[in-house]
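Visitor: The lines below spell out each chain.
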Amino acid sequence: MSRLSDIAIRLEGAIPLAAVPERRGGLGGGVAAILTELAARLERLSEDGSTALIDLRSLPMSATDRDELLDALGQGEVTATLDAQGTSTLRETAFAGIWWTVHRDRDNAITSELLEVSLVPQILAADPDDISPAAAALRRRIGAAVAAPHPSATSTA
Amino acid sequence: MDLLSFARGPALKIAMGVFFVGVFWRIVSFMLLRIRREYSRPRASLLRYVSIGLFATASRSWPHPQFIKRTGAGEALGYSYHMGLFAIILAYGPHIAFLGGLLGFTWPGLPSSVITGIAVVTATLFAGVLYRRVTSPVMRMISNFDDYFTWFITMLVLLTGLATSAHLGARYETLLAIHILSVDALLIWFPFGKLMHAFYIMPSRALNGAILARKGAAT
Amino acid sequence: MSARRGLTVGETLRKHGVTRRGFVKFCTATVTAMALPPWLGAAMAAQLSSGQRPSVVYLSFQECTGCFESFIRSFSPTIESLIFDVISLDYDDTLMAASGDASESALATAMKEHFGEYILIVDGSIPTGASGACCTAGGRSAEDSLREAAKGARVILAVGTCSSFGGIPFADPNPTNAWPVSAIVGDKPIINVSGCPPIPEVITGTLLQYVTTGRIPDLDEHGRPLAFFGNSIHDRCYRRPFYDAGQFAKTFDDEGARNGWCLYELGCKGPTTYNACATLKWNGGTSFPIESGHGCLGCSEPNFWDKGSFYAAQSTAEWGRAGESSRKPLAEFAGAAIAAGAVLGAASAGTGRLRQHKHEKE
Numbered sequence: 001m002s003r004l005s006d007i008a009i010r011l012e013g014a015i016p017l018a019a020v021p022e023r024r025g026g027l028g029g030g031v032a033a034i035l036t037e038l039a040a041r042l043e044r045l046s047e048d049g050s051t052a053l054i055d056l057r058s059l060p061m062s063a064t065d066r067d068e069l070l071d072a073l074g075q076g077e078v079t080a081t082l083d084a085q086g087t088s089t090l091r092e093t094a095f096a097g098i099w100w101t102v103h104r105d106r107d108n109a110i111t112s113e114l115l116e117v118s119l120v121p122q123i124l125a126a127d128p129d130d131i132s133p134a135a136a137a138l139r140r141r142i143g144a145a146v147a148a149p150h151p152s153a154t155s156t157a
Numbered sequence: 001m002d003l004l005s006f007a008r009g010p011a012l013k014i015a016m017g018v019f020f021v022g023v024f025w026r027i028v029s030f031m032l033l034r035i036r037r038e039y040s041r042p043r044a045s046l047l048r049y050v051s052i053g054l055f056a057t058a059s060r061s062w063p064h065p066q067f068i069k070r071t072g073a074g075e076a077l078g079y080s081y082h083m084g085l086f087a088i089i090l091a092y093g094p095h096i097a098f099l100g101g102l103l104g105f106t107w108p109g110l111p112s113s114v115i116t117g118i119a120v121v122t123a124t125l126f127a128g129v130l131y132r133r134v135t136s137p138v139m140r141m142i143s144n145f146d147d148y149f150t151w152f153i154t155m156l157v158l159l160t161g162l163a164t165s166a167h168l169g170a171r172y173e174t175l176l177a178i179h180i181l182s183v184d185a186l187l188i189w190f191p192f193g194k195l196m197h198a199f200y201i202m203p204s205r206a207l208n209g210a211i212l213a214r215k216g217a218a219t
Numbered sequence: 001m002s003a004r005r006g007l008t009v010g011e012t013l014r015k016h017g018v019t020r021r022g023f024v025k026f027c028t029a030t031v032t033a034m035a036l037p038p039w040l041g042a043a044m045a046a047q048l049s050s051g052q053r054p055s056v057v058y059l060s061f062q063e064c065t066g067c068f069e070s071f072i073r074s075f076s077p078t079i080e081s082l083i084f085d086v087i088s089l090d091y092d093d094t095l096m097a098a099s100g101d102a103s104e105s106a107l108a109t110a111m112k113e114h115f116g117e118y119i120l121i122v123d124g125s126i127p128t129g130a131s132g133a134c135c136t137a138g139g140r141s142a143e144d145s146l147r148e149a150a151k152g153a154r155v156i157l158a159v160g161t162c163s164s165f166g167g168i169p170f171a172d173p174n175p176t177n178a179w180p181v182s183a184i185v186g187d188k189p190i191i192n193v194s195g196c197p198p199i200p201e202v203i204t205g206t207l208l209q210y211v212t213t214g215r216i217p218d219l220d221e222h223g224r225p226l227a228f229f230g231n232s233i234h235d236r237c238y239r240r241p242f243y244d245a246g247q248f249a250k251t252f253d254d255e256g257a258r259n260g261w262c263l264y265e266l267g268c269k270g271p272t273t274y275n276a277c278a279t280l281k282w283n284g285g286t287s288f289p290i291e292s293g294h295g296c297l298g299c300s301e302p303n304f305w306d307k308g309s310f311y312a313a314q315s316t317a318e319w320g321r322a323g324e325s326s327r328k329p330l331a332e333f334a335g336a337a338i339a340a341g342a343v344l345g346a347a348s349a350g351t352g353r354l355r356q357h358k359h360e361k362e
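Chains as they are written, first to last, in this note's numbering: chain A, 1 to 157; chain B, 1 to 219; chain C, 1 to 362.
Calculated directly from the structure, the hints in this document are not laboratory data. Where is the CB? At the ideal position from N, CA and C, for every residue including glycine. Hints may be right or wrong, so weigh each one.
Here chain C is said to cover these stretches of chain B; the calculated rule only asks that three of the stretch's residues, wherever they fall, bring their Cβ under 8 Å from a Cβ of chain C [said to hold, decoys possible]: (1) 23-30; (2) 85-99; (3) 102-109; (4) 137-148; (5) 167-177.
Capping the alpha-carbon separation at 20 Å, the derived lysine to aspartate or glutamate pairs in EDC-like fashion look like this [stated by the list, open to error]: (6) B/K13 with C/D306; (7) C/K188 with C/D220; (8) B/K215 with B/E75; (9) C/K188 with C/D235; (10) C/K358 with C/E332; (11) C/K188 with C/E221; (12) C/K281 with A/D55; (13) C/K15 with A/D55; (14) C/K281 with A/D107; (15) C/K15 with A/D129; (16) B/K194 with B/D146; (17) B/K194 with B/E75; (18) C/K112 with C/D144; (19) B/K13 with C/D187; (20) C/K188 with C/D253; (21) C/K358 with B/E38; (22) C/K361 with B/D146; (23) C/K112 with C/D220; (24) C/K15 with A/D83; (25) C/K112 with C/E148; (26) C/K15 with A/D130.
Just a sample of chain C residues kept apart from chain B, beta carbon distances all over 12 Å, derived [stated by the list, open to error]: (27) G132; (28) E318; (29) L330.
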């Protein structure tokens with residue numbers, strides 16, 4: 001006769017994989033394939049400047065694969081945070097030209113995860129159409145500041 | 001109604017109906033037929049010759065040592081694929097679910113990968129059986145439509161089952177429907193041909209053994 | 001709603017505090033969810049931003065409102081709610097504030113102003129029983145409303161299994177004589193987004209893809225976008241290794257079930273169901289029925305209510321009534337068949353014995 005306390009309760013954060021076979025050591029085939037593609041794309045970027053974007057979530061990867069890939073790519077000098085409809089992190093890997101982007105929404109859920117091969121991630125660059133209105137807005141701001149100077153500008157302290 | 005619902009619904013009902021009616025028609029009819037009356041004195045008591053008959057069922061299930069060299073390979077081949085077929089039918093999860101749904105109880109099975117291995121081996125042996133039938137002059141002479149058609153239907157069930165479990169060749173529901181339809185075809189064909197050996201073998205051997213024992217010629 | 005007309009999508013987004021980058025993020029999430037190349041995200045954002053918002057009319061018929069709830073009920077409101085900045089939802093009787101005559105005239109106005117251009121979204125089946133009296137709004141039957149609205153539509157999105165295939169109302173015995181949209185409208189392109197309900201991202205993704213490209217996406221033989229309905233649940237299920245190994249849960253709380261084994265024997269319809277549940281999942285990627293321990297019901301397939309019990313394995317016979325044990329009806333059937341066979345056998349034996357007797361006499 002089973003009791004209520006016999007019912008096992010487990011709180012799971014991610015996918016509860018009880019016994020999905022873990023791989024033996026070394027780079028898994030999936031990770032090696034992604035790295036090979038990245039190398040080829042990087043060579044192409046160097047040759048003719050063509051960029052590439054790989055959707056990580058479209059590739060069949062287990063949690064172990066993902067960690068291996070992260071380790072293999074390493075960390076570069078740049079980490080950028082983008083606050084737009086949630087926070088996104090864009091990280092340069094140890095290999096110049098390869099960027100790891102994680103887009104999150106306002107609930108901190110991952111909406112997409114990308115590997116970008118380019119000089120700088122496209123989304124970081126300012127929109128050319130925004131420059132002119134921004135210049136005009138800045139001019140207006142300067143004009144307003146000149147018209148009503150900041151109190152500290154006239155103080156002698 | 002889609003193909004799958006048809007295959008495991010009305011088609012299965014018709015097939016099982018034909019199967020039960022046909023099989024029991026034949027069994028009851030041969031059981032009620034009279035054995036040719038023996039006018040000679042029985043050489044053994046009733047109990048003895050009946051038990052010898054039952055023993056004959058077992059003893060005649062393997063060739064006499066004198067004939068093993070000639071027929072042993074064929075017998076071994078036959079037993080192997082029969083055991084393979086029984087293992088597949090009775091120890092594969094989805095089959096156990098199918099039979100369990102009809103009978104009301106289930107039993108433990110084997111891992112699916114093991115069954116797949118057995119199925120591949122059985123299909124190979126079964127292909128070997130056909131090869132033997134067409135290459136051996138004796139087998140060729142005594143084989144008829146019944147043999148070849150039965151082989152074909154059984155192989156169809158085996159191959160469609162492998163395709164379904166491997167999800168090869170079409171969408172799963174189509175593969176499953178074709179597999180179940182091939183089983184339906186097998187069930188309908190069963191009472192009409194040599195497949196009835198499943199029900200005839202034991203009684204036939206037992207009866208022959210008993211008759212000969214009564215005559216005092218038991219071996 | 002019409003006050004926002006005239007602004008481009010980009011301008012509307014800006015008004016609601018959504019920056020260009022935020023919109024690129026949204027579009028990237030959408031294209032990756034549809035398994036399209038990720039670089040399309042920026043292209044989609046640019047294309048949409050510069051255009052006008054297309055008019056959308058949403059009509060609900062014989063439905064439970066679950067599909068509409070799925071549509072608007074985003075778990076991450078910043079993603080799915082953006083769709084309402086991209087489209088101009090000119091009529092929806094669940095959301096709009098107007099009612100009665102005001103709402104009916106809003107519908108008429110929207111259909112007239114954008115005749116030939118608006119996107120018509122339909123959920124719920126269309127009953128034709130009792131001369132259409134089973135589902136009426138504003139004195140008009142569902143069938144009449146649909147035919148009228150379809151005339152000026154550019155494309156029809158049948159959201160949910162009810163509008164795609166008939167759904168629950170269509171199930172045996174179909175007392176209201178319900179039909180899917182495709183049975184009523186024959187001259188307009190229809191995209192079926194089935195599911196009971198469909199995954200929110202599937203609805204918005206399909207709509208967004210159409211709005212951006214202006215083309216019908218590649219559809220399967222049931223008229224569903226291949227991007228979301230091209231694979232079976234089984235082919236993408238994380239429990240597949242257990243199926244392949246033959247490790248099946250036998251009951252809902254046995255050892256196998258607790259270890260996450262395959263639910264085939266508990267009736268999972270994953271192998272014959274095509275949807276994105278195993279990859280996109282529900283509630284913003286939280287989980288899906290199989291991951292929560294219950295077999296797939298097959299809710300995105302036609303006639304899923306009439307395909308036998310939800311708890312009978314796919315390899316089982318459809319014998320007797322769904323939900324009841326097959327034993328008794330089978331026993332009765334087999335008993336009758338055996339009895340019939342025995343009677344015929346006795347008859348054959350009878351004639352056989354007569355022949356035997358005659359033969360012996362000679």
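Visitor: What hint numbers does the structure not satisfy?
Guide: Violated hints: 4, 8, 9, 10, 13, 19, 20, 22, 23, 28 and 29; rest satisfied.
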